[in-house]
Amino acid sequence: MLPFFKSNTPVNPVYGVVGLFDRPEDLLRAGEELHHKRGYTKLDAYSPFPIHGIDDAIGVPKSILGYIVFCAGLFGFANAVLMVWYTGAVDYPLVIGGKPLFAWEFSIPVVFELTVLFSSFGAVFGMFYLNGLPRFYHPTMNFSRFGEHTDDKYLLVVESTDPRFDVEELQAVMSELGAATTEVVEA
Amino acid sequence: MAQNPAALDPHVKPILVQGGASLHKITDDISKITESQTPLKWYIAIGISSSIALILFAMLGWLVWMGIGVWGNNQPVAWAWDITNFVFWIGIGHAGTLISAILFLFRQKWRTSINRAAEAMTLFAVACAGIYPLFHTGRPWRAAYWLLPLPNPYLAMWPNFRSPLVWDVFAVSTYLTVSALFWYVGLIPDLATLRDRAKGVRQMIFGAASLGWRGSARMWNNYEKAYLILAALSTPLVLSVHSIVSFDFATSVLPGWHTTIFPPYFVAGAIFSGFAMVITLMVIARWALNLQYLITIRHLENMNKVILATGTIVGYAYATEFFIAWYSGNPYERFVFINRAFGPFAWAYWAMVTCNVVTPQFFWSKRLRTNVPFMFVLSIFVNIGMWFERFVIIATSLHRDFMPSAWGYFRPTPVDMLTFFGTFGLFVTLFLAFCRFLPVIAVSEIKGMMANEAMHEAMHGQPVNAPAVPEVLEGGRH
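In the order they appear, the protein sequences are chains A and L.
Here the working numbering is used: position 169 in the first sequence is 169, and no number is missing along the way.
Here the working numbering is used: position 155 in the second sequence is 155, and no number is missing along the way.
Worth flagging that the hints you see were computed from the coordinates, not collected in a lab.
Keep in mind that this is a model prediction, so the values were computed, not measured.
Note that CB positions come from ideal geometry on N, CA and C, so glycine has one too.
Fair warning: there could be bad hints in the mix.
[To be verified] Pairwise CB distance ranges, derived in the manner of DEER restraints:
{"id": "1", "chain 1": "A", "residue 1": "Tyr129", "chain 2": "L", "residue 2": "Val372", "range": "39 to 49 Å"}
{"id": "2", "chain 1": "A", "residue 1": "Glu105", "chain 2": "L", "residue 2": "Trp326", "range": "28 to 38 Å"}
{"id": "3", "chain 1": "A", "residue 1": "Tyr129", "chain 2": "L", "residue 2": "Asn74", "range": "44 to 54 Å"}
{"id": "4", "chain 1": "A", "residue 1": "Glu168", "chain 2": "L", "residue 2": "Lys41", "range": "35 to 45 Å"}
{"id": "5", "chain 1": "A", "residue 1": "Phe75", "chain 2": "L", "residue 2": "Tyr327", "range": "40 to 50 Å"}
{"id": "6", "chain 1": "A", "residue 1": "Gly66", "chain 2": "L", "residue 2": "Ile48", "range": "43 to 53 Å"}
{"id": "7", "chain 1": "L", "residue 1": "Trp326", "chain 2": "A", "residue 2": "Trp104", "range": "28 to 38 Å"}
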């Protein structure tokens, strides 16, 4: 790297400790042990499907996606009303069949559809934003068996930024609670 | 493929996933469909279907070159096969959204094996539907200016938002967009699974398509929320789409169209026809891809029950229309319905009644609704019947106008017929491509359903290594 671009902050060569489990219930127990009994906070669990109860076990807060969707829906709703009213009653008023230039009754279909459309954009792109997608590289991908967790394995990851981070303790606890293998992963 | 022979017998207790399939086996079976060498039969099938799709493009090109006079619609039947086909294809799409969204909200676990393919069917059906109104404008490259509120030099006006045709544009385009988003969001974890199994270019393609999905708990947390919200949004959306399609007719003052029963009647008919198409496709797909243990008799039977229920609603709606025509005392309304059943288009009317009202009644019998060849034939009858329903509503209401001097009869041209035939080619080509290149079954959802049940059992005192399936899956969601 060019000297100009050298970061002043020391680079931590260790990203964290990864444990691979064969069974979701072992992952849950290990997560509970580390988070609730030993006070780890910077941990994450990788699994091929959402595991019921994992959020409580490792302390994942409730998703705020609902608020994003609500705002997006409101944006769609307001824009739709504005569009129907401005185009029909202000910019180019045309009397057709003696109908009013603007009324909420005939606006319902278009307003409803655009509210749903923008809410859906909010749901999908909001989810991407909250999950940091797209992101094609992540340090956990350095784990030697990364990828098995999208088939039938389960990973428990504790990041080195955790204030209680202790490689030996983590490896011992994970192995004791059923991890098939544990590994220190580079950043 | 090891299959328990008893499990294939429809009279044994029906189950959702047959045999004690492991999570890895499911990943493997579904992924292998996309990874193994392309079978010759696939090349043959897509060769035929894409040739038929070429007919569609040739016919559309001919239409643009010559003008829409190449179609048979003319006064008094100004809407004919184009709008019939449009409503037909849109209706087919509705079953996919019903399966993916409404059954999800109702916690109907059996939807999991079929939702991916049904959603794909929705997208392809809506794409086929969109062709018709777009080309009916005659100048599809300018249609955007007529249909959407885009400032433009050609028209210098805005669309009329008091017109149901403009509502329809918004409904159908929103439907297509939201269905595509829902489908893609569902695909992301499975694309990541394919990425992690792949090497080289294939890995890069699936890596890009899966957006770097890692399946961490913090991601799943937001993902499940997004999926739930999309299901909750799609549910009213799908009901609104066919309601708005029916407004194209119901808000007119034409006898035969001007009825308040249309929105629910159209929605029931859409689900009816859509499930029939899902049965047609699933019977072929489970046979061709050896997925009988994932798409079980139970799934097919449940869909046949939906066909029976919605088919009966549709039959009831036909009866109600006639009753109201008589009860209203309106001579024009009465005439339209007598003319519908006994006039020049009586053959179409009775074909519709036979296919839509009579045939689904066979599904009261459990033996028939679990008989795969029988349901396949019957689903084709329903598809035909529902096409006739839209044709009957459109053509019979229009062809005998208020003035007998303006009466006429509709005859399709060869271009009409080949265009309709061609959309089937496009539909099947897209579906075959989907079956070849993408996971046809929602792998992560199936695994989640199986494993969470097994885990729940394991953590509450029962043997940890109990087989993950099958009775476990019968219970409610925990």
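Comparing the hints with the structure gives:
Checking the proposed 39 to 49 Å range against A/Tyr129 and L/Val372 shows it holds: the Cβ atoms sit about 45 Å from each other. Between A/Glu105 and L/Trp326, the C-beta spacing of about 30 Å keeps the proposed range 28 to 38 Å intact. At about 52 Å, the CB distance of A/Tyr129 to L/Asn74 agrees with the hint of 44 to 54 Å. Hint check: A/Glu168 to L/Lys41, Cβ distance near 57 Å, so the stated range 35 to 45 Å is violated.
Here the CB-CB span from A/Phe75 to L/Tyr327 is close to 46 Å, well matched to the stated 40 to 50 Å. A hinted range of 43 to 53 Å for the beta carbons of A/Gly66 and L/Ile48 is consistent with their spacing of about 47 Å. The hinted window of 28 to 38 Å between L/Trp326 and A/Trp104 holds, with their beta carbons roughly 35 Å apart.
Violation of the numbered hints given earlier is confined to hint 4; every other hint is satisfied by the structure.
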